[in-house]
Amino acid sequence: MPETEHIIDINGLVKRFNGTAVIDGIDLSVSKGEVVVLIGPSGCGKSTLLRCINGLEPIDAGTVTLHGEPVVHNSRNLYKIRQKIGMVFQSYDLFPHLTVLKNIMLAPMKVQKRSKEEIRAEALKLLERVGLSDKAESFPSELSGGQKQRVAICRSLIMNPEIMLLDEITAALDPEMVHEVLDVVLDLAKNGTTMLIVTHEMAFAKAAADRIVFIDGGVIVEESEPDEFFTAPKTERAKKFLKTFTYSR
Amino acid sequence: MTLYALSGKIKITESLGQILVDFEFIEKFTPMYLEAARLTVLIGAAGIVLAAAVGLLCALVKYYRVPVARQIVSAYIELSRNTPLIVQLFFLYFGLPKAGIRLSSEVCGIIGLAFLGGSYMAESFLGGLTSVGKIQLESAESLGLRRHQVMNLIVIPQAGAVAAPAVCANVIFLLKETSVFSAVSLADLMYVAKDLIGMYYNTGEALLMLVVAYLALILPISVIFAILERRLRRGRS
Ligand SMILES: Nc1ncnc2c1ncn2[C@@H]1O[C@H](COP(=O)(O)OP(=O)(O)OP(=O)(O)O)[C@@H](O)[C@H]1O
Ligand SMILES: [Mg+2]
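Protein chains in written order, with our numbering: chain A, 169 to 417; chain B, -15 to 221.
It is worth saying that the hints were derived from the structure and are not from the lab.
Check before you lean on any hint, since a few could be wrong.
Unchecked claim - Straight-line Cα separation of at most 25 Å, DSS-like style, residue types lysine-lysine; simulated pairs:
{"#": "1", "chain 1": "B", "residue 1": "Lys118", "chain 2": "A", "residue 2": "Lys270"}
{"#": "2", "chain 1": "A", "residue 1": "Lys411", "chain 2": "A", "residue 2": "Lys374"}
{"#": "3", "chain 1": "B", "residue 1": "Lys12", "chain 2": "B", "residue 2": "Lys178"}
{"#": "4", "chain 1": "A", "residue 1": "Lys252", "chain 2": "A", "residue 2": "Lys284"}
{"#": "5", "chain 1": "B", "residue 1": "Lys160", "chain 2": "B", "residue 2": "Lys178"}
{"#": "6", "chain 1": "A", "residue 1": "Lys284", "chain 2": "A", "residue 2": "Lys270"}
{"#": "7", "chain 1": "B", "residue 1": "Lys118", "chain 2": "A", "residue 2": "Lys248"}
{"#": "8", "chain 1": "A", "residue 1": "Lys281", "chain 2": "A", "residue 2": "Lys252"}
{"#": "9", "chain 1": "B", "residue 1": "Lys118", "chain 2": "A", "residue 2": "Lys252"}
{"#": "10", "chain 1": "B", "residue 1": "Lys178", "chain 2": "A", "residue 2": "Lys278"}
{"#": "11", "chain 1": "A", "residue 1": "Lys407", "chain 2": "A", "residue 2": "Lys374"}
{"#": "12", "chain 1": "A", "residue 1": "Lys408", "chain 2": "A", "residue 2": "Lys374"}
Unchecked claim - From the structure, some residues in chain B lie toward chain A, with a derived Cβ separation under 10 Å:
{"#": "13", "residue": "Ser58"}
{"#": "14", "residue": "Gly128"}
{"#": "15", "residue": "Leu129"}
{"#": "16", "residue": "Arg130"}
{"#": "17", "residue": "Ile138"}
{"#": "18", "residue": "Gln142"}
Said to hold, decoys possible - Selected chain B positions facing chain A (Cβ under 7 Å, derived; list incomplete):
{"#": "19", "residue": "Ile119"}
{"#": "20", "residue": "Ser123"}
{"#": "21", "residue": "Ser126"}
{"#": "22", "residue": "Leu127"}
{"#": "23", "residue": "Gln133"}
{"#": "24", "residue": "Pro141"}
The structure presented is a predicted model; accordingly, all values stated were derived computationally and were not measured.
Ideal Cβ positions, reconstructed from N, Cα and C, are used throughout, including at glycine.
Isolated chain A, as found in the complex (with noise of 0.2 Å):
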């Protein structure tokens, strides 16, 4: 038994839109309990990394795996292997129809078949953790972006999955709201989630990560803990992409 537990491998993973890859062959892996963060300027690649990893893309070479199982695009145990990672998007994907509740009732009850009374109680007990417990009864159009970001981190989190992959989830929010989101997920950080993050918001990179993954061009250019990144990056491409943060300031 290795000393960490590997949930993702991703092993020479190449993925091409049109002939250019986007990915050129990245290898990393992230360990249970682990929050690896991914950063780099936009196109670099990050979301269709993290869509790589769930199955959303199909990938022209390499392996991405979940405990040693492949996950392949349209393969049919795919769904199986979805259950078990967790997904965020940068745009509010609640389903409309539903309420806040059942949104994130409907995955546990249709999926793993677990009882209705079980579900509604952690259901609600999510809701609580992230400050939404008035809102159970309410739909998605009665929620602001920050709260709908919320609810979908617990329709995601009530499914157990072994990993979270968060892809810039406050990049659309009005600045206020980054934060309550963000605490969300650092309080998951500090309790043992294991995630992988793609965010612009540096300040929480630094709180909430074990690792920093700095990609460009579809590679990894650097990888290092937190502290050493940001104040002593090893790459010249890295100094560049920090550079045009404190800029911003």
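Assemble chain B with the ligands onto chain A, guided by the hints.
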């Protein structure tokens, strides 16, 4: 035009200035109208249900981009939408017998309506299906829902709500289109009215009854649809 025709046959007694309608005529032929209305409703309902089935099938073929079938559906939709129902009916009733296929007026009516309505229904259903964004499908799949669950639990409820107003409009449109059935000797409302005018020259009464019959058929449906639509909209926003 209807009013003009009406005024021609309504007799006005000078002494009282009262409008007199030949109630005897109306009473006598009401059963004929009722029978014709029954036929219109039956053929109309059968045609519309079939149209919805054809439409759903075509919409799914286009939605899932089924090869070959997709091109056939596109050709069908163009043909159906760009030819009048009366021409489609003539083809079925007078054209097909030349190829040895003889259909009754009733069957022609049902098939004709389904052929015309199928394309309208297809476009409405497809509009509903494509209104459900890709992100909805991906989030649902990410939760581990299977393809058919995504369809049944996420796509169809949302698509249905979007398509409903257009589908209702189609139903009313198709019910009105049944008025050309008389062209293939189907004894529907229009047929009866024409018949009576031809036989008795009571144009006013015959037309009045025709208008009332169509209103009695279609108005309640319109009202019910409008109420349903309002409720649907309220539930979602
Ligand atoms: N479906 C697609 N078809 C073609 N090209 C695509 C597709 N999806 C992404 N790309 C391209 O792949 C590249 C990487 O996109 P990706 O969305 O992964 O970037 P990103 O790192 O998430 O960027 P951002 O920070 O702006 O979200 C971009 O150049 C994008 O244009
Ligand atoms: Mg992205």
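These are the hints, each one checked on the structure:
1. Lys118(B) <-> Lys270(A): Within the cut-off at roughly 20 Å; holds.
2. Lys411(A) <-> Lys374(A): Judged against 25 Å, a Cα distance of about 15 Å means the pair holds.
3. Lys12(B) <-> Lys178(B): 16 Å, holds
4. Lys252(A) <-> Lys284(A): 20 Å, holds
5. Lys160(B) <-> Lys178(B): Roughly 17 Å separates the two Cα atoms, so the pair holds.
6. Lys284(A) <-> Lys270(A): 11 Å, holds
7. Lys118(B) <-> Lys248(A): Satisfied, since the Cα-Cα distance of roughly 21 Å is no more than 25 Å.
8. Lys281(A) <-> Lys252(A): Holds: Lys281(A) and Lys252(A) sit about 15 Å apart, inside 25 Å.
9. Lys118(B) <-> Lys252(A): Status holds; Cα separation ~21 Å.
10. Lys178(B) <-> Lys278(A): 58 Å, violated
11. Lys407(A) <-> Lys374(A): Status holds; Cα separation ~15 Å.
12. Lys408(A) <-> Lys374(A): Roughly 17 Å between the alpha carbons, so the hint for Lys408(A) and Lys374(A) holds.
13. Ser58: 26 Å, violated
14. Gly128: 3 Å, holds
15. Leu129: OK, holds: Leu129(B) within 10 Å of chain A, min 6 Å.
16. Arg130: It holds, given that the least Cβ distance between Arg130(B) and chain A is near 5 Å, below 10 Å.
17. Ile138: It holds, given that the least Cβ distance between Ile138(B) and chain A is near 6 Å, below 10 Å.
18. Gln142: 5 Å, holds
19. Ile119: At about 5 Å, which falls below the 7 Å cut-off, the nearest Cβ of chain A leaves the hint on Ile119(B) intact, so it holds.
20. Ser123: Hint holds; Ser123(B) Cβ to chain A Cβ min 4 Å, cut 7 Å.
21. Ser126: 4 Å, holds
22. Leu127: 4 Å, holds
23. Gln133: Hint holds; Gln133(B) Cβ to chain A Cβ min 6 Å, cut 7 Å.
24. Pro141: Holds. Min distance 5 Å.
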